[in-house]
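The whole structure should be built from the sequences, with the hints applied where relevant.
Same order as they appear, the protein sequences are chains A and B. At the far end of the first sequence sits residue 397, using numbering that gives the first Met the number 0, and the numbering has no gaps. At the far end of the second sequence sits residue 397, using numbering that gives the first Met the number 0, and the numbering has no gaps.
Simulated from the structure, these hints should not be mistaken for laboratory data. Check before you lean on any hint, since a few could be wrong.
As the list claims (entries may be wrong) - Subject to a maximum C-alpha distance of 25 Å in a straight line, what follows is the list of computed BS3-like cross-link-like pairs (lysine-lysine):
{"no.": "1", "chain 1": "A", "residue 1": "K148", "chain 2": "B", "residue 2": "K78"}
{"no.": "2", "chain 1": "B", "residue 1": "K352", "chain 2": "B", "residue 2": "K194"}
{"no.": "3", "chain 1": "A", "residue 1": "K352", "chain 2": "A", "residue 2": "K194"}
{"no.": "4", "chain 1": "A", "residue 1": "K279", "chain 2": "A", "residue 2": "K344"}
{"no.": "5", "chain 1": "B", "residue 1": "K38", "chain 2": "A", "residue 2": "K148"}
{"no.": "6", "chain 1": "B", "residue 1": "K148", "chain 2": "A", "residue 2": "K67"}
{"no.": "7", "chain 1": "A", "residue 1": "K78", "chain 2": "B", "residue 2": "K148"}
{"no.": "8", "chain 1": "A", "residue 1": "K78", "chain 2": "B", "residue 2": "K184"}
{"no.": "9", "chain 1": "B", "residue 1": "K344", "chain 2": "A", "residue 2": "K121"}
{"no.": "10", "chain 1": "A", "residue 1": "K184", "chain 2": "B", "residue 2": "K78"}
{"no.": "11", "chain 1": "B", "residue 1": "K90", "chain 2": "B", "residue 2": "K73"}
{"no.": "12", "chain 1": "A", "residue 1": "K78", "chain 2": "A", "residue 2": "K5"}
{"no.": "13", "chain 1": "A", "residue 1": "K38", "chain 2": "B", "residue 2": "K38"}
{"no.": "14", "chain 1": "B", "residue 1": "K363", "chain 2": "A", "residue 2": "K148"}
{"no.": "15", "chain 1": "A", "residue 1": "K24", "chain 2": "A", "residue 2": "K392"}
{"no.": "16", "chain 1": "B", "residue 1": "K392", "chain 2": "A", "residue 2": "K184"}
{"no.": "17", "chain 1": "B", "residue 1": "K184", "chain 2": "A", "residue 2": "K67"}
{"no.": "18", "chain 1": "B", "residue 1": "K38", "chain 2": "A", "residue 2": "K184"}
{"no.": "19", "chain 1": "B", "residue 1": "K374", "chain 2": "B", "residue 2": "K362"}
Note that the structure is predicted; figures quoted are calculated from it, not measured.
Number of protein chains: 2
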Amino acid sequence: MSNIPKIVILGAGYGGILTAQRLQKELNYNEADVTLVNKHDYHYFTTHLHMPAAGTDHMENARVSISKLIDEFKIDFVKATVSQIRTQEKKVLLEDGSALSYDYLVISVGGETETFGIPGMKEYAMSIRSINSVRMIRQHIEYQFASYKQDESRLDRLTFVVGGAGFTGIEFVSELADRMPELCKQYDVDPSLVKIYNVEAAPTALPGFDAELVEYAMNVLQNKGVTFKIGTPIKEATPEGVIVGEGELIKSATVVWAAGIRGNRIVEEAGIETMRGRVKIDDYLRVPGQDNIYVIGDNSLMFNPEGRPYPPTAQIAMQQGVTCANNIVAAIRNQQPVKFVFSNKGTVASLGKGEAIGIVGTKKFKGFTAAQLKKMIDIRYLFIIGGIPLVLKKGKFL
Amino acid sequence: MSNIPKIVILGAGYGGILTAQRLQKELNYNEADVTLVNKHDYHYFTTHLHMPAAGTDHMENARVSISKLIDEFKIDFVKATVSQIRTQEKKVLLEDGSALSYDYLVISVGGETETFGIPGMKEYAMSIRSINSVRMIRQHIEYQFASYKQDESRLDRLTFVVGGAGFTGIEFVSELADRMPELCKQYDVDPSLVKIYNVEAAPTALPGFDAELVEYAMNVLQNKGVTFKIGTPIKEATPEGVIVGEGELIKSATVVWAAGIRGNRIVEEAGIETMRGRVKIDDYLRVPGQDNIYVIGDNSLMFNPEGRPYPPTAQIAMQQGVTCANNIVAAIRNQQPVKFVFSNKGTVASLGKGEAIGIVGTKKFKGFTAAQLKKMIDIRYLFIIGGIPLVLKKGKFL
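Below, the structure is given as structure tokens:
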């Protein structure tokens, strides 16, 4: 009936929310129908999940209702899981059996855990990837303390293994180390019995990050009781723990895999060409040859001027969201799209309470200053998506 | 060397603490050496455990350091687990290999869970009997919600079975029902999927209690969503749940057994004659034929004037503690002991927030009044053992 173009956004993560909000702002009345589809009725802050996962912050500080972020008079929200994208028919099928047609599609569904084929990893390890998985990890950790007090021979219940010393791994292990004294006190457990291992296959923690800051981070964490096993691949995860390096078994009832992310399978299943699940999009964030499909966030693959792929971060997803929305509006108005140019605002990794490391431009930060910087970044994000009210509501943890 | 008599108290529950405190008060300087032995360095309020078990109150409100309850200049405290009582040698062996000699022994170690030989009950059910077991139950419950969100086909994770509708069972099931809406909200679970069963083999809930009040209690709990299966024995506990009545399987990942208590095995292993683990003590609380050994609390068996055994309660244990201490002092001073006479102060069962039932003398209470009465009883106990400071510190939950 109507000739109004239909825009469907799949996923309300960093990229999807920014796209929706920018479209909401830019589009005129009746210029397009926008539908946002998301598995949950909330948006969550992936970069904050390491805190509730370890139990150092409340879960509710890591999510916000989507209805608080978008104007439902302007954008339709559908709570559903996408089962299939049919590019030929310009349709998205949902798990509940319904289907959405689109003229423009934004794929911002987020990535999946990549276990690199390590045997047992999918079965026996948990990963930090959603509110549901994070609630599980948090409960699992506390459950180990409660269980240990029922059978004090089970020291594996007090041993925690984090696979991967990238950003997620380091940030999680930091919170875990901060949480342990509290749990020991609560459960009457001798803190000297608790072991935290951070295992990384690469020859350094935080690969690609400034060496001086990496050393600083490792010192901070070692002082908090973390044992690093760097240059040590996990060979296998088993019901007893993990086998690392040359066959050493670390007995542990809690293995958290924080080492890899790949593109979502839904993208390759749509017949779109991918590299390890990610789409090598054009400069305008579009699937090559399919100008009406945009891919942003974890499923997109872009290269920096030196020819190296940008790592999937919240920062790049947010910037892509804004450009994506602008380019869709331009397309509707028969205007020229703009090329996406990543503007690096800097990178900060939290090391737990009062400690962090960061780089902004060429300037290095560490300790308290870096921790303050991290808080500012988090506050800035809350402000961008929800204004002052959201800062006041969710910013308490900062 | 010294001729000062040695008094050893085993267990710092209601009976043991009251004995220790009364001895501390009555004994003159150097009149006796008193040693209190307890597995933990804290005393806990067994009658309050149903709240932290369900998660409706903090664990710390259910316990207090023993050092806050006794004067360690007057009484020695030994944190140890008793492994054996050798009545011939007047010695108590501890698990750490040490031994304590006594002239007077008070056995106030508390009871053990009685599962009446129901297959699988020991292996697959939890029971409310200590701070450690209660922390486990609490974590287990929350773990089920977190796990359910990982696999929503597992409805057994949202089904909770409480075995026994006696005092502990009813009080726990009440708190559990109060806790569920909160957990559902926290984990985004549809409350209509949660099931709570209270299964009781006897033909009524709260056997022996006033029928009108029992009916009131059942109505209150049914309105909170509890399903009763009364006159229905649990035939077996399995990894899947429980088999009840004529073979019906209730699938449940959480079975809490709150139906039975028996005497501690350490007593019968000491060669003391017992009936279902309990010692039929004389009127002075002593083991027949062994005037220097007193048994109080869950391990003691006494009969009311109608010839029925008193149920093991905190109330009777406390009163026994006082009489026990008085009689030991009398024995040391070559005075006459006094007979123990139980003075029934009434009985109140909590039904969760703002609800309870109770009988004091011949007067029945229910609803808000009964709930206030329950609080008064709890406050009175805190006052007896720790004075105003303990009331202020732990009475917050009241």
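Hint check, failures only:
9, 13 and 14
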